[in-house]
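Novice: If you read the sequences in order, they're chains A and B. Position one of the first sequence corresponds to residue 1 (the UniProt record's numbering), numbered consecutively onward. Position one of the second sequence corresponds to residue 1 (the UniProt record's numbering), numbered consecutively onward.
Just so you know, the hints here were simulated from the structure itself, not pulled from any lab data. The reader is advised that the hints may include incorrect statements.
Counterexamples of contact, computed for chain A against chain B with all Cβ distances above 10 Å [to be verified]: (1) Val-41; (2) Phe-75; (3) Ile-213.
Cut-off 30 Å, straight-line C-alpha distance, at most; resulting in silico cross-link-like pairs (DSS-like, lysine-lysine) [claimed, not checked]: (4) B/Lys-117 to B/Lys-130; (5) B/Lys-110 to A/Lys-198; (6) B/Lys-46 to B/Lys-14; (7) B/Lys-309 to B/Lys-378; (8) B/Lys-64 to B/Lys-120; (9) A/Lys-198 to B/Lys-14; (10) B/Lys-64 to B/Lys-130; (11) B/Lys-394 to A/Lys-198; (12) B/Lys-358 to B/Lys-14; (13) B/Lys-296 to B/Lys-358; (14) B/Lys-130 to A/Lys-198; (15) B/Lys-117 to B/Lys-36.
Since the model is a prediction, treat every value here as computed from it, not as a measurement. Ideal Cβ placement from N, Cα and C applies to all residues, glycine included.
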Amino acid sequence: MLSVGLDWGEASRTLAWLWLALLASGIYHGVNPGMGWPLAVSAGLLERSPRALFGALGALSAGHLLATFLVLLPFALLLTLAEWQRPIQLAASLLVIGFGAYRLVDRRHPRALARIPPSQLALWSFAVAIAHGAALMLLPIYLGLCQAADLDASHRAAGALVSTNLAMAVLVSLAHVVAMVVAGGCLAWLVYRYLGLKFVSRSWLNLDAVWAISLILVGAIALVFNLTN
Amino acid sequence: MTMRPDPTFHASPKLAMEAPPENFAYTLLLSPDFSKPDALAVIDAKPGSPTYSQIVHTVTMPNKGDEFHHFGWNACSSALSPLAGHAFIERRYLIIPGLRSSRIYIVDTKPDPTKAKIHKIIEPEEVFKKTGYSRPHTIHCGPDGVYVSTLGGGGKDGTSGPPGVFIMDCETFEVLGRWEIDRGPQTLHYDFWWNLPRDYMVTSEWALPPQFENGIVPEDLLSNKYGHRLHFWDLRARRNVQTIDLGANHQMALEVRPAHDPVREYGFVGVVVDTTNLEASIWTWWREGGKFHAEKTATIPPEPAAKEKLPPLLQGFGAVPPLVTDIDLSMDDRFLYVSCWGTGEMRQYDVRDPRKPKLAGSVHTGGIVRRAPHPSGKAYAGGPQMVEISRDGKRVYWTNSLYSTWDDQFYPDGVPGVEVMANVGRNGGLELASDYFVSFPEGYRAHQIRLEGGDCSTDSFCYPSA
Numbered sequence: 001m002l003s004v005g006l007d008w009g010e011a012s013r014t015l016a017w018l019w020l021a022l023l024a025s026g027i028y029h030g031v032n033p034g035m036g037w038p039l040a041v042s043a044g045l046l047e048r049s050p051r052a053l054f055g056a057l058g059a060l061s062a063g064h065l066l067a068t069f070l071v072l073l074p075f076a077l078l079l080t081l082a083e084w085q086r087p088i089q090l091a092a093s094l095l096v097i098g099f100g101a102y103r104l105v106d107r108r109h110p111r112a113l114a115r116i117p118p119s120q121l122a123l124w125s126f127a128v129a130i131a132h133g134a135a136l137m138l139l140p141i142y143l144g145l146c147q148a149a150d151l152d153a154s155h156r157a158a159g160a161l162v163s164t165n166l167a168m169a170v171l172v173s174l175a176h177v178v179a180m181v182v183a184g185g186c187l188a189w190l191v192y193r194y195l196g197l198k199f200v201s202r203s204w205l206n207l208d209a210v211w212a213i214s215l216i217l218v219g220a221i222a223l224v225f226n227l228t229n
Numbered sequence: 001m002t003m004r005p006d007p008t009f010h011a012s013p014k015l016a017m018e019a020p021p022e023n024f025a026y027t028l029l030l031s032p033d034f035s036k037p038d039a040l041a042v043i044d045a046k047p048g049s050p051t052y053s054q055i056v057h058t059v060t061m062p063n064k065g066d067e068f069h070h071f072g073w074n075a076c077s078s079a080l081s082p083l084a085g086h087a088f089i090e091r092r093y094l095i096i097p098g099l100r101s102s103r104i105y106i107v108d109t110k111p112d113p114t115k116a117k118i119h120k121i122i123e124p125e126e127v128f129k130k131t132g133y134s135r136p137h138t139i140h141c142g143p144d145g146v147y148v149s150t151l152g153g154g155g156k157d158g159t160s161g162p163p164g165v166f167i168m169d170c171e172t173f174e175v176l177g178r179w180e181i182d183r184g185p186q187t188l189h190y191d192f193w194w195n196l197p198r199d200y201m202v203t204s205e206w207a208l209p210p211q212f213e214n215g216i217v218p219e220d221l222l223s224n225k226y227g228h229r230l231h232f233w234d235l236r237a238r239r240n241v242q243t244i245d246l247g248a249n250h251q252m253a254l255e256v257r258p259a260h261d262p263v264r265e266y267g268f269v270g271v272v273v274d275t276t277n278l279e280a281s282i283w284t285w286w287r288e289g290g291k292f293h294a295e296k297t298a299t300i301p302p303e304p305a306a307k308e309k310l311p312p313l314l315q316g317f318g319a320v321p322p323l324v325t326d327i328d329l330s331m332d333d334r335f336l337y338v339s340c341w342g343t344g345e346m347r348q349y350d351v352r353d354p355r356k357p358k359l360a361g362s363v364h365t366g367g368i369v370r371r372a373p374h375p376s377g378k379a380y381a382g383g384p385q386m387v388e389i390s391r392d393g394k395r396v397y398w399t400n401s402l403y404s405t406w407d408d409q410f411y412p413d414g415v416p417g418v419e420v421m422a423n424v425g426r427n428g429g430l431e432l433a434s435d436y437f438v439s440f441p442e443g444y445r446a447h448q449i450r451l452e453g454g455d456c457s458t459d460s461f462c463y464p465s466a
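Extracted from the complex, chain A is given alone in its bound form (with noise of 0.2 Å):
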């Protein structure tokens, strides 16, 4: 966000826009109940206590965070691989596609994430995130913000730009995670304390095609840009 409002030039532009839609994934997968809110009202009137309800956003914050961060990882190290970094991107933005294409032609949930226990919500946050792809829905997001700060430096060295791209790693995993934890949170202190839980099963709404389209479109956004640019 460096950068924004300095100079409103293309490359600002671009980079203001990346910023927001990191932003709006994360409202965006806060208020999915599939992603966990609706776990931290069930804790908080479990325990009859507002501080389990916190600890419990606390808890799929931090499952989330890690899937987010381990799934940007591999592309951080790939990406020093400078004069590899379009077909990187392509490769990334293809990826998206096909998983957002496989979601939504099988939309059977794992049966493996029924197994874990509600006591680990940071485990079960971390293998929703991955399962259904909510930490890839970043990844083109997360190129081209790289691929923005990296474009007056691809002459810099390789250890420079591992250390700048794991930055931004952890600094689009953290904007995401907090985007998140605030919608999500927001909605479930409203539920818990206002609307009641008649707010969950009606709220509740089947978001497997949309979630599926949104990273087929993810995806595509970025493949367009990238052949375009």
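On the provided structure of chain A, position chain B as indicated by the hints.
Specialist: Same frame as chain A, now just chain B:
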């Protein structure tokens, strides 16, 4: 796959109680001499309807000798489990196992209960092959599939290997396989239920097939060879973590009824007979300090009777045992209903203090000696048996047959199938509804009841009521 969760799924027991009342009662019919195919009866339970308390539709099966007993839904409120994220299914299919045949029928109740029809039949061989179990019994809709308890293991008489629980897919109805990873000392099975967010399951014990299929075996009962233990399991780890022996004289620990509100970590189990004194008992189990505990919290005494009024099986005892063969807990965890099948009494206990049940109401229908008539004036043979409570707790339904061969031993004059209902007073108390009396076709007996939209022994919840 639907876009919204089924409107009959409720996050908490309180929301389930506030939902519209049931319009239909599904009831299983069995042909005790296997001369006719078993059936599912759909009964009009809507007050004021011209066909109220009558059978409005029957689904007759294509086979004979299945012996229907218990059944359940493919999906219920447990689908709202925040861990499962799989709420987009319908409460639509009834899963009906044949206890004697091990065949499982899937009946589709949409678009209308009065047009219910067979959707799929799972042949016994598939159950045997994929699970090694036989004699499927209790059905519970779990967040990740349909759980089925069995009473038999492998082999012709079901005694090669212990019985257990298996899982079915709740949409394709494919038998997925055994549930247990470590069964510990468990070798007998009957009922099971759970507390989903607290992550435990409780199972009970009846007997192995040779001990029930041809009738009760008096020698086995008097030598305390029927089940008398409770098993507590880590639900997700699928491990037996604790076994509590209620004492060998407490023969046949049957229905397990956990509190519906998941914040309450206790429940009940009924024991059919104490072989030292013919008493029936209610036990309360609870979890405290990471351990499970159980204690006897209510007893029901036998009723003395003249020898000539008793069936041969009981003549030596000169008394009628109460024979508590089903219990059911209201959705608000306030009243526990207890079927005394021998003495012909339906008891209502106030269990707000779960370890001190207080008798709050009682009505009589039938009974081995008492033979209490129904207020409609119609004959009621057998005693109160399978009991089901409406979600709002205002109506209690029950049927009169226990199990084909056992009926014949305790009620040798026959048990023509009937279903009755009692209204519950605002502060407890029971009164039989004289206008609700369902009689079934000649030659059929009636067993478990399931209410449209869920009832008090179907749905399990992941959020507390408060």
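Novice: Each hint: holds or not?
Specialist: Here's how the hints hold up against the structure:
1. Val-41: Given that some Cβ of chain B is not farther than 10 Å from that of A/Val-41, nearest at about 7 Å, it is violated.
2. Phe-75: holds (27 Å)
3. Ile-213: holds (14 Å)
4. B/Lys-117 to B/Lys-130: holds (26 Å)
5. B/Lys-110 to A/Lys-198: Judged against 30 Å, a Cα distance of about 25 Å means the pair holds.
6. B/Lys-46 to B/Lys-14: Holds: B/Lys-46 and B/Lys-14 sit about 22 Å apart, inside 30 Å.
7. B/Lys-309 to B/Lys-378: holds (21 Å)
8. B/Lys-64 to B/Lys-120: holds (17 Å)
9. A/Lys-198 to B/Lys-14: holds (10 Å)
10. B/Lys-64 to B/Lys-130: holds (23 Å)
11. B/Lys-394 to A/Lys-198: Holds. B/Lys-394 to A/Lys-198 sits at ~22 Å (cutoff 30 Å).
12. B/Lys-358 to B/Lys-14: holds (23 Å)
13. B/Lys-296 to B/Lys-358: holds (13 Å)
14. B/Lys-130 to A/Lys-198: violated (39 Å)
15. B/Lys-117 to B/Lys-36: Holds - the C-alpha atoms of B/Lys-36 and B/Lys-117 are around 18 Å apart, at most 30 Å.
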